[in-house]
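S.K.: Protein chains in written order, with our numbering: chain Z, 35 to 432; chain L, 35 to 432.
Since the hints were derived computationally from the structure, they do not count as laboratory data.
Note that the coordinates shown come from a computational prediction; the quantities given were computed from them, not determined experimentally.
One or more of the hints may lead you astray.
Claimed, not checked - The list that follows gives simulated cross-link-like pairs (lysine-lysine, DSS-like), each with its CA atoms no further than 27 Å apart:
no.: 1; chain 1: Z; residue 1: LYS69; chain 2: Z; residue 2: LYS283
no.: 2; chain 1: L; residue 1: LYS79; chain 2: L; residue 2: LYS271
no.: 3; chain 1: Z; residue 1: LYS418; chain 2: Z; residue 2: LYS408
no.: 4; chain 1: Z; residue 1: LYS305; chain 2: L; residue 2: LYS223
no.: 5; chain 1: Z; residue 1: LYS275; chain 2: Z; residue 2: LYS260
no.: 6; chain 1: Z; residue 1: LYS408; chain 2: L; residue 2: LYS223
no.: 7; chain 1: L; residue 1: LYS305; chain 2: Z; residue 2: LYS223
no.: 8; chain 1: Z; residue 1: LYS405; chain 2: L; residue 2: LYS223
no.: 9; chain 1: Z; residue 1: LYS146; chain 2: L; residue 2: LYS146
no.: 10; chain 1: L; residue 1: LYS298; chain 2: L; residue 2: LYS418
no.: 11; chain 1: Z; residue 1: LYS75; chain 2: Z; residue 2: LYS275
no.: 12; chain 1: Z; residue 1: LYS260; chain 2: Z; residue 2: LYS283
no.: 13; chain 1: L; residue 1: LYS144; chain 2: L; residue 2: LYS211
no.: 14; chain 1: Z; residue 1: LYS223; chain 2: L; residue 2: LYS408
no.: 15; chain 1: Z; residue 1: LYS298; chain 2: Z; residue 2: LYS405
no.: 16; chain 1: Z; residue 1: LYS418; chain 2: Z; residue 2: LYS260
no.: 17; chain 1: L; residue 1: LYS144; chain 2: Z; residue 2: LYS146
no.: 18; chain 1: L; residue 1: LYS405; chain 2: Z; residue 2: LYS223
no.: 19; chain 1: Z; residue 1: LYS144; chain 2: L; residue 2: LYS146
no.: 20; chain 1: L; residue 1: LYS79; chain 2: L; residue 2: LYS223
no.: 21; chain 1: L; residue 1: LYS69; chain 2: L; residue 2: LYS275
no.: 22; chain 1: L; residue 1: LYS418; chain 2: L; residue 2: LYS260
no.: 23; chain 1: L; residue 1: LYS211; chain 2: Z; residue 2: LYS211
no.: 24; chain 1: L; residue 1: LYS305; chain 2: L; residue 2: LYS260
Unchecked claim - Here are the computed distance ranges between Cβ atoms for each label pair:
no.: 25; chain 1: L; residue 1: LYS418; chain 2: Z; residue 2: THR325; range: 29 to 39 Å
no.: 26; chain 1: Z; residue 1: THR272; chain 2: L; residue 2: PRO281; range: 37 to 47 Å
no.: 27; chain 1: Z; residue 1: GLY93; chain 2: L; residue 2: ARG64; range: 54 to 64 Å
no.: 28; chain 1: L; residue 1: LEU210; chain 2: Z; residue 2: GLY93; range: 32 to 42 Å
no.: 29; chain 1: L; residue 1: GLY401; chain 2: Z; residue 2: GLU295; range: 38 to 48 Å
no.: 30; chain 1: L; residue 1: VAL156; chain 2: Z; residue 2: ALA179; range: 52 to 62 Å
no.: 31; chain 1: L; residue 1: THR148; chain 2: Z; residue 2: GLY157; range: 40 to 50 Å
no.: 32; chain 1: L; residue 1: ARG64; chain 2: Z; residue 2: THR303; range: 18 to 28 Å
no.: 33; chain 1: L; residue 1: THR356; chain 2: Z; residue 2: ASN297; range: 24 to 34 Å
Stated by the list, open to error - Per the computed footprint, the stretches of chain Z lying under chain L, defined by three or more beta-carbons under 8 Å from a beta-carbon of chain L, are:
no.: 34; region: 101-108
no.: 35; region: 240-253
Just so it is clear, CB atoms sit at the ideal spot from N, CA and C, and this is done for glycine as well.
There are 2 protein chains.
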Amino acid sequence: MVSSKSEPRFDTVIVRFGGEIGIKAAWTRRLYERKLIGNIKAFLKQRGIEHEALNRKFGRLYIRTADAQETCQVLNNVFGVSSVSPAIRTTSQLQDIIENSVQVAGSALKEKHTFAVRCRRVGSHPYTSQDVCRTVGQAVLDADAKHRPRVDLNHPDLSLEVEVREDEAYVFTETLKGPGGLPLGTQPKVVGLLNGDVDSLVACWMVMKRGCPIIPLHFIEHQQNKQSQRRVLEAAKTLFKWAPGFPAKAYVVSHEAYIAEINKSSNSTRKLKSVLLRRLTYRVAERLAETWRAEGIVTGDSFQKPAGEKLHFFRICDEAATRLPIHRPLIGLDAPEIEELAERIGVSGKISVERKRQKVPRISIRGISLKTVKDAEAKLDVNKMVELSLESLRTVSL
Amino acid sequence: MVSSKSEPRFDTVIVRFGGEIGIKAAWTRRLYERKLIGNIKAFLKQRGIEHEALNRKFGRLYIRTADAQETCQVLNNVFGVSSVSPAIRTTSQLQDIIENSVQVAGSALKEKHTFAVRCRRVGSHPYTSQDVCRTVGQAVLDADAKHRPRVDLNHPDLSLEVEVREDEAYVFTETLKGPGGLPLGTQPKVVGLLNGDVDSLVACWMVMKRGCPIIPLHFIEHQQNKQSQRRVLEAAKTLFKWAPGFPAKAYVVSHEAYIAEINKSSNSTRKLKSVLLRRLTYRVAERLAETWRAEGIVTGDSFQKPAGEKLHFFRICDEAATRLPIHRPLIGLDAPEIEELAERIGVSGKISVERKRQKVPRISIRGISLKTVKDAEAKLDVNKMVELSLESLRTVSL
Chain Z
35 MVSSKSEPRF
45 DTVIVRFGGE
55 IGIKAAWTRR
65 LYERKLIGNI
75 KAFLKQRGIE
85 HEALNRKFGR
95 LYIRTADAQE
105 TCQVLNNVFG
115 VSSVSPAIRT
125 TSQLQDIIEN
135 SVQVAGSALK
145 EKHTFAVRCR
155 RVGSHPYTSQ
165 DVCRTVGQAV
175 LDADAKHRPR
185 VDLNHPDLSL
195 EVEVREDEAY
205 VFTETLKGPG
215 GLPLGTQPKV
225 VGLLNGDVDS
235 LVACWMVMKR
245 GCPIIPLHFI
255 EHQQNKQSQR
265 RVLEAAKTLF
275 KWAPGFPAKA
285 YVVSHEAYIA
295 EINKSSNSTR
305 KLKSVLLRRL
315 TYRVAERLAE
325 TWRAEGIVTG
335 DSFQKPAGEK
345 LHFFRICDEA
355 ATRLPIHRPL
365 IGLDAPEIEE
375 LAERIGVSGK
385 ISVERKRQKV
395 PRISIRGISL
405 KTVKDAEAKL
415 DVNKMVELSL
425 ESLRTVSL
Chain L
35 MVSSKSEPRF
45 DTVIVRFGGE
55 IGIKAAWTRR
65 LYERKLIGNI
75 KAFLKQRGIE
85 HEALNRKFGR
95 LYIRTADAQE
105 TCQVLNNVFG
115 VSSVSPAIRT
125 TSQLQDIIEN
135 SVQVAGSALK
145 EKHTFAVRCR
155 RVGSHPYTSQ
165 DVCRTVGQAV
175 LDADAKHRPR
185 VDLNHPDLSL
195 EVEVREDEAY
205 VFTETLKGPG
215 GLPLGTQPKV
225 VGLLNGDVDS
235 LVACWMVMKR
245 GCPIIPLHFI
255 EHQQNKQSQR
265 RVLEAAKTLF
275 KWAPGFPAKA
285 YVVSHEAYIA
295 EINKSSNSTR
305 KLKSVLLRRL
315 TYRVAERLAE
325 TWRAEGIVTG
335 DSFQKPAGEK
345 LHFFRICDEA
355 ATRLPIHRPL
365 IGLDAPEIEE
375 LAERIGVSGK
385 ISVERKRQKV
395 PRISIRGISL
405 KTVKDAEAKL
415 DVNKMVELSL
425 ESLRTVSL
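Bound-form chain Z, shown alone (with noise of 0.2 Å):
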């Protein structure tokens, strides 16, 4: 018998991606699944990992690589996945299986710590699921004597998994949440617009998760602003993180050549600026997604800001942009919510600075009606505007 502390060689990785898309029906789930397997190859490839041929039964895959435990950490970052285990492989004899318990269970049992086996099992075998859990249970209660281990099925502090697949078994002790969701390219692109906030960032982050690639689109007022957009493009990065083997461009638009004039024609009210401002890039964007082939815009909007009437604000701006949906993903969402979903993603504090900063003014722009505001594009060539807003664009890759 295989001494019970050397450490074990955890040789495969089980990915659970059931949840959304095994409801799905039978063609669009072949989609996803074929989507999701080009993903995670993609993440493995940039991570370096080397691994054997994708092995897809029983509704989920198994991935065979010396480095399991990295596996599951990359993995940890899939849209689509649902969870990971890092596994031993080995043959459904039961002997093996025992074996390979042993030194599972010996190597994570702490000093009297309890233990349950739990075992599942497709194919037809000598044995019983019940079996196994007594065999396995026995050999580690009387291979690790001296940590007095004890049986709890209720509570344990170790759950030791046995998953027999007809001639094979994986042992496994661990199983790590992944972030769920769809994978992400099964659904049309959006444009992401960044601004100096976290917030634009977790919006992004939520509609990639249900399967959008992100086109990432940063404004600024003066081209001079360098530090201010590198940080913006830091933070996209992060983004990008999430989707190997997806483009990770972002695009780059200036409101410099007319910002004089707006900030005169709103006679230095920095209320009627703001929305002067934000309908500007609500109509270049759009133009953009129609370029694009983008289905519509995303936007990280919710109530969190100081900002009296945001729904408000909401209305006189999206009535400039009317070919193509705005999407707020945070609207429904409190401060806390956001904050951990930011913290989930690695981007919270990444970009935060920038809040006080920026110069797109988070005010309340209560007492502005559309009127006033359609009145002082009147005597603006907006259209013009927007085409040389367009000229300015540039590319920048992350």
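Since the structure of chain Z is provided, determine the placement of chain L on it from the hints.
M.R.: Just chain L, lined up with the frame of chain Z:
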């Protein structure tokens, strides 16, 4: 000393509403707190709970009532409340604090339980917070010797909390989490499109949680389908359990007058029909929202349903309503996340049977372009249809 086994008489509820309300500017915070207090009073009045004047101090709300436990259950449903605790109020005399703490601990401690005493103090007293923890802890140990309680400051079974506030003190053990969010009515109204889906209820609830009162609007194709209507309205009632004091009304609009014409014009393609109807729905909703001075329209759309190109569908439908934004708070959520919210709200499974029966088709509209839709609409008198729908408007008291 009071017998340690008599049931403690909780006479006060401590309401915390820190979180987001706390970070608002001073005048916004006062406005929000006033709204929150008004909403709390409406809840308590509706449930017939008697209480003394609400006492706002130290950034919290103290409610004196004989029904402290029930009050906590009720306040669990008030948007803007972050947590509540049923407490015993006493003087800030150390002896009083000890007696009440021993009573509370005595009734809550089970055999061999561990406990910890925590104290927070505002004001000047002849003792420190440390003194309170030490003397109360000792008194609990002495009073309940037969249950052999032990002190465990890190992971106690029971946390005995003492809050000293100038000449008063509060003793409690339980803190129940409220829904968070912002007080209902601190944001503008929105129109909520209710169909037969639980999702539309969840979407409305999320926006209510962010402070927006909802005006429920339900569209039908045939007046005859009474049962389906009744179920949707029954479900809408659940939403108003979260909004006492707000007018519990829903509105029903019928496409009946022209449904035959739509059926004919769309050549019996369900795809085109669904788009034409949805666009009419948005047009009518927009008109009504403007009348009602609502700032947007909320729907329960997401990518859950097996409907190929959801974003494409949103785009060609939204194009019909250009004056008001259409908000989709569920767009970034997974099916399990929506289900979890539905359970929290109390609408899980409530009207899901409707899904199979409802007439608005949930199908892929792959291949339908905006041009196709506009061509079909050009052959119809869309404006008259909107007017016919507006005439069919019925108000239903819930």
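S.K.: Taking the hints in turn, state whether each one holds.
M.R.: Hints, verified against the model:
1. Taking the CA atoms of Z:LYS69 and Z:LYS283, the gap is about 21 Å. The hint holds against a cut of 27 Å.
2. A distance of roughly 18 Å separates the Cα atoms of L:LYS79 and L:LYS271; the hinted pair therefore holds under the 27 Å criterion.
3. In summary, the hint linking Z:LYS418 to Z:LYS408 is supported, as the alpha carbons are separated by about 16 Å, within the 27 Å threshold.
4. Distance check on the hinted pair: Z:LYS305 and L:LYS223 sit about 22 Å apart at the alpha-carbon level, within 27 Å; holds.
5. For the hint pairing Z:LYS275 with Z:LYS260, the CA-to-CA distance comes to about 23 Å; that is within 27 Å, so the pair holds.
6. Simply put, Z:LYS408 and L:LYS223 have alpha-carbon atoms about 24 Å apart, close enough for the 27 Å limit, and the pair holds.
7. In summary, the hint linking L:LYS305 to Z:LYS223 is supported, as the alpha carbons are separated by about 22 Å, within the 27 Å threshold.
8. At most 27 Å may separate the alpha-carbon atoms for a hinted pair to count; Z:LYS405 and L:LYS223 meet this at roughly 21 Å.
9. A threshold of 27 Å between alpha carbons decides the hint, and for Z:LYS146 with L:LYS146 the separation of about 21 Å falls inside it, so the pair holds.
10. Between L:LYS298 and L:LYS418, the direct Cα distance comes to roughly 17 Å. Compliance with the 27 Å bound is thereby established for this hinted pair.
11. At roughly 14 Å between alpha-carbon atoms, Z:LYS75 and Z:LYS275 fall within 27 Å of each other, so this suggested pair holds.
12. Distance restraint check for Z:LYS260 and Z:LYS283: the Cα-Cα separation of roughly 18 Å lies within the 27 Å cut-off, and the hinted pair is therefore satisfied.
13. Between L:LYS144 and L:LYS211, the direct Cα distance comes to roughly 24 Å. Compliance with the 27 Å bound is thereby established for this hinted pair.
14. Only pairs whose Cα atoms come within 27 Å are accepted, and Z:LYS223 paired with L:LYS408 is accepted, the gap being roughly 24 Å.
15. Between Z:LYS298 and Z:LYS405 the alpha-carbon distance is near 18 Å, which keeps this suggested pair within the 27 Å criterion.
16. In summary, the hint linking Z:LYS418 to Z:LYS260 is supported, as the alpha carbons are separated by about 25 Å, within the 27 Å threshold.
17. For the given pair, L:LYS144 sits about 25 Å from Z:LYS146 by alpha-carbon distance, which is consistent with the 27 Å threshold.
18. Using a Cα cut-off of 27 Å, the hinted pair L:LYS405 and Z:LYS223 holds, with the two alpha carbons roughly 21 Å apart.
19. Between Z:LYS144 and L:LYS146, the direct Cα distance comes to roughly 25 Å. Compliance with the 27 Å bound is thereby established for this hinted pair.
20. Between L:LYS79 and L:LYS223 the CA atoms are separated by roughly 23 Å; this keeps the pair inside 27 Å, and the hint holds.
21. Proposed proximity of L:LYS69 and L:LYS275 is supported: the alpha carbons are some 17 Å apart, at most 27 Å.
22. This hinted pair checks out: L:LYS418 and L:LYS260 have alpha carbons roughly 25 Å apart, not beyond 27 Å.
23. At most 27 Å may separate the alpha-carbon atoms for a hinted pair to count; L:LYS211 and Z:LYS211 meet this at roughly 25 Å.
24. Simply put, L:LYS305 and L:LYS260 have alpha-carbon atoms about 25 Å apart, close enough for the 27 Å limit, and the pair holds.
25. For L:LYS418 paired with Z:THR325, a C-beta distance near 37 Å keeps the hint of 29 to 39 Å intact.
26. At roughly 45 Å, the beta-carbon separation of Z:THR272 and L:PRO281 lies within the given 37 to 47 Å, and the hint holds.
27. Between Z:GLY93 and L:ARG64 the C-beta distance comes to about 56 Å, which sits within the given range of 54 to 64 Å.
28. Restraint check, L:LEU210 to Z:GLY93: a C-beta distance of roughly 40 Å satisfies the suggested window 32 to 42 Å.
29. For L:GLY401 and Z:GLU295, the hinted distance range of 38 to 48 Å is satisfied, since their beta carbons lie about 43 Å from each other.
30. Restraint check, L:VAL156 to Z:ALA179: a C-beta distance of roughly 56 Å satisfies the suggested window 52 to 62 Å.
31. The hinted range of 40 to 50 Å is satisfied by L:THR148 and Z:GLY157, whose Cβ atoms lie roughly 48 Å apart.
32. The hinted range of 18 to 28 Å is satisfied by L:ARG64 and Z:THR303, whose Cβ atoms lie roughly 26 Å apart.
33. Hint check: L:THR356 to Z:ASN297, Cβ distance near 28 Å, so the stated range 24 to 34 Å holds.
34. For the region 101-108 of chain Z, the stated coverage by chain L is not satisfied: 0 residues place a CB nearer than 8 Å to a CB of that chain, which falls below the threshold of 3.
35. Only residues whose beta carbon comes within less than 8 Å of a beta carbon in chain L count, and the region 240-253 of chain Z has 6; three or more means the coverage holds.
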